[in-house]
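Protein chains in written order, with the working numbering: chain H, 1 to 168; chain P, 1001 to 1168; chain B, 2001 to 2168; chain Y, 3001 to 3168.
You may find that some hints are simply not true.
As the list claims (entries may be wrong) - Pulled from the structure, derived: some chain B residues nowhere near chain H, Cβ distances all over 10 Å:
(1) 2018
(2) 2022
(3) 2034
(4) 2068
(5) 2111
(6) 2149
(7) 2161
(8) 2164
As the list claims (entries may be wrong) - Taking lysine to any residue pairs in the SDA-like style, the calculated list, with each CA pair at most 20 Å apart, reads:
(9) 159/H x 2078/B
(10) 76/H x 39/H
(11) 2159/B x 166/H
(12) 2159/B x 72/H
(13) 1076/P x 3118/Y
(14) 159/H x 2163/B
(15) 72/H x 3060/Y
(16) 159/H x 2071/B
(17) 3159/Y x 1153/P
(18) 3072/Y x 1118/P
(19) 3076/Y x 1153/P
(20) 1159/P x 3079/Y
(21) 159/H x 2166/B
(22) 159/H x 2015/B
(23) 2159/B x 39/H
(24) 1076/P x 3076/Y
Keep in mind the hints are simulated off the structure, nothing from the lab. The beta-carbon is built from N, C-alpha and C at its ideal position, and this holds for glycine as well.
Each chain is listed here by its residues.
There are 4 protein chains.
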Amino acid sequence: MVYDSLTGNVERMARAVAEGAAEAGAEVDVVRVDEVDVDRVPEYDGYAFGSPTHCGTMSVKMNRFFNERLIKYWGKLRYKVAVAFTSSGGLGGGNEMTLWSLISAIINYGMMTFGVPDYVAPGVTLHYGAVAIGAPSEAALEACKLLGRRLVEHVTVVKRGLRAVAES
Amino acid sequence: MVYDSLTGNVERMARAVAEGAAEAGAEVDVVRVDEVDVDRVPEYDGYAFGSPTHCGTMSVKMNRFFNERLIKYWGKLRYKVAVAFTSSGGLGGGNEMTLWSLISAIINYGMMTFGVPDYVAPGVTLHYGAVAIGAPSEAALEACKLLGRRLVEHVTVVKRGLRAVAES
Amino acid sequence: MVYDSLTGNVERMARAVAEGAAEAGAEVDVVRVDEVDVDRVPEYDGYAFGSPTHCGTMSVKMNRFFNERLIKYWGKLRYKVAVAFTSSGGLGGGNEMTLWSLISAIINYGMMTFGVPDYVAPGVTLHYGAVAIGAPSEAALEACKLLGRRLVEHVTVVKRGLRAVAES
Amino acid sequence: MVYDSLTGNVERMARAVAEGAAEAGAEVDVVRVDEVDVDRVPEYDGYAFGSPTHCGTMSVKMNRFFNERLIKYWGKLRYKVAVAFTSSGGLGGGNEMTLWSLISAIINYGMMTFGVPDYVAPGVTLHYGAVAIGAPSEAALEACKLLGRRLVEHVTVVKRGLRAVAES
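Could you put the whole structure together from the sequences, leaning on the hints where they help?
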């Protein structure tokens, strides 16, 4: 779990994603983007990347993480599974644009990703990752938890599959 | 104003955009996409395109409008100003992805577009066009009205500018 | 493999993707979008979706495939792995925008996807799927073949993983 | 004209955009993003933003420009007209994704933008802005020049329109 948070909203989301992932049986580290040891990134099987919505794209710190700090592992994270989450100031304020900027980086690195069609409450879903408007509502935190669970489910399948292929 | 609506939500948004445009002094026609006479499209100075959010993109009818029916005017709508609006089933359910599919078509045709940074209510804005979650809330309808007003303001500037350039 | 092709360019790409997939050991069906039996779609483990670039988005037929014909399986294709390819009239003419429209549908359905960082020739890669400018060049066809191989590799891992999880 | 360039490719593109803009009669300043005096940005009527394609998005310096340095003018650049250009390492390597990240910022700020349907050579266009694969080819530089000309044409119309509206 790598995230950037200016106001604490994305941090709360990160903790909810981690909670969902832990419930699904995973060991989870929640690390602020400033404090990531990039050389430990390849040790993990999956990632959830969170960013505030800044001008309809990821924050400078997240951008620097992908474009500079992690760049030596570009193309070397095959079969890692990653998802995204964000909080924006308003509905219609670029939250999905920001998810797409994170998904674009995930795909660019050669990682895997997936969508979540499920609704967590009437009118609240997470097709492209979890979103919140400002401080995350209960429903938004539910979306984060589900995102964490789904991430672990997908990571588990891929990890078991990699082991099975290696053994065959 | 060209729109497609399955459930009536986008239709209500279309009427609010039209209301905002009329308040700003424009003559407005609200036309369901099925009923558009494409040969009359070039007569207008600006457009607001509305679509339900279907699988994170515009509806089949809107897609056919841009990719087939209007295609003879592709590249011939320079200096027309256009914006987008949509209603999705849920927050995080692809509304901005759908706005982007409409904006992508607008730009592909060579038209102009613009964003609206203003907030119409706490936590509700329309940076890339107006969005609603299901049936449009009061705030979503305010966003539509503002979108209509801003469209007319931008169209007015471009139209006056074209006249001034032609006269010089 | 589901594709739409107006001029035959995307069809040639589809055959190259299929060739790569077959070399990697998969059984492959190449089916024009008109002729897809949607009730057989869930039987497959992976998909490559190809579309011409029309106004910076997928074609009407591909749009109808996702938004109408396949819709009863929306949200029911979890753990399917899918990728995209397209041919556009020109460099800078919307090919990646079209890939994104396909990737957006893939994610919206809840499927998995991945990127391919590899270069197949100097200045030719397939980060978001294979692209061609007009008739596919040798390098573009190489990109298609690699996309097919990588798809089978990812599908194999996921399929083995699903079996291992089911057996445990 | 604000740009970032690591290898000089985007810098060459910036000079071609400026050449096209100057031919169309505009006074142009070509400024590396590091050296922009942000308080002078509002004095200009139009902008062309150039960035290398880094992980399918704009560079860190361009991201910091929009998200931090220029942020005090966010929402205050209404009626400014802006376009984008980029060079990527490969075809299919994220150049349009990067254009979109720049267009997304332009729209988010509330500025105007537009597309260019014209082809500058067989198989080379600039629907969403000018793109080059590595070092810009002759055709890519032509696309840049045309982008500069079109920018000036659109800026001229908007500027004249603003004056006419103010005088009426």
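Given pair status - residue 2071/B, residue 159/H, alpha carbons within 20 Å: 30 Å, violated
Beyond 10 Å from every chain H Cβ - status for residue 2022/B: Holds, because the least Cβ-Cβ distance between residue 2022/B and chain H comes to about 19 Å, which exceeds 10 Å.
Given as non-interface: residue 2161/B, which should sit over 10 Å from chain H by C-beta: 3 Å, violated
Hinted pair residue 72/H and residue 3060/Y, Cα distance within 20 Å: Holds: residue 72/H and residue 3060/Y sit about 16 Å apart, inside 20 Å.
Pairwise hint evaluation, residue 2163/B against residue 159/H, where the allowed Cα distance is 20 Å at most: 12 Å, holds
Claimed clearance of chain H by residue 2149/B, with the beta carbon kept past 10 Å: It holds; residue 2149/B is separated from chain H by about 13 Å at its closest Cβ, greater than 10 Å.
Hint consistency between residue 1076/P and residue 3118/Y [alpha-carbon to alpha-carbon, up to 20 Å]: 11 Å, holds
Satisfaction of hint between residue 2166/B and residue 159/H, Cα-Cα up to 20 Å: 14 Å, holds
Pairwise hint evaluation, residue 1118/P against residue 3072/Y, where the allowed Cα distance is 20 Å at most: Judged against 20 Å, a Cα distance of about 15 Å means the pair holds.
Residue 2164/B remote from chain H - nearest C-beta pair above 10 Å: Incorrect as stated: the minimum Cβ-Cβ distance to chain H is 4 Å, not above 10 Å.
Holds or violated: residue 2159/B to residue 72/H, with C-alpha atoms at most 20 Å apart: 30 Å, violated
Separation of residue 2018/B from chain H, once the least beta-carbon distance is taken, above 10 Å: Since the minimum Cβ distance to chain H is about 22 Å, residue 2018/B lies beyond 10 Å and the statement holds.
Of the hints listed earlier, those the structure fails to meet are numbers 5, 7, 8, 12, 16, 22, 23, 24, in rising order.
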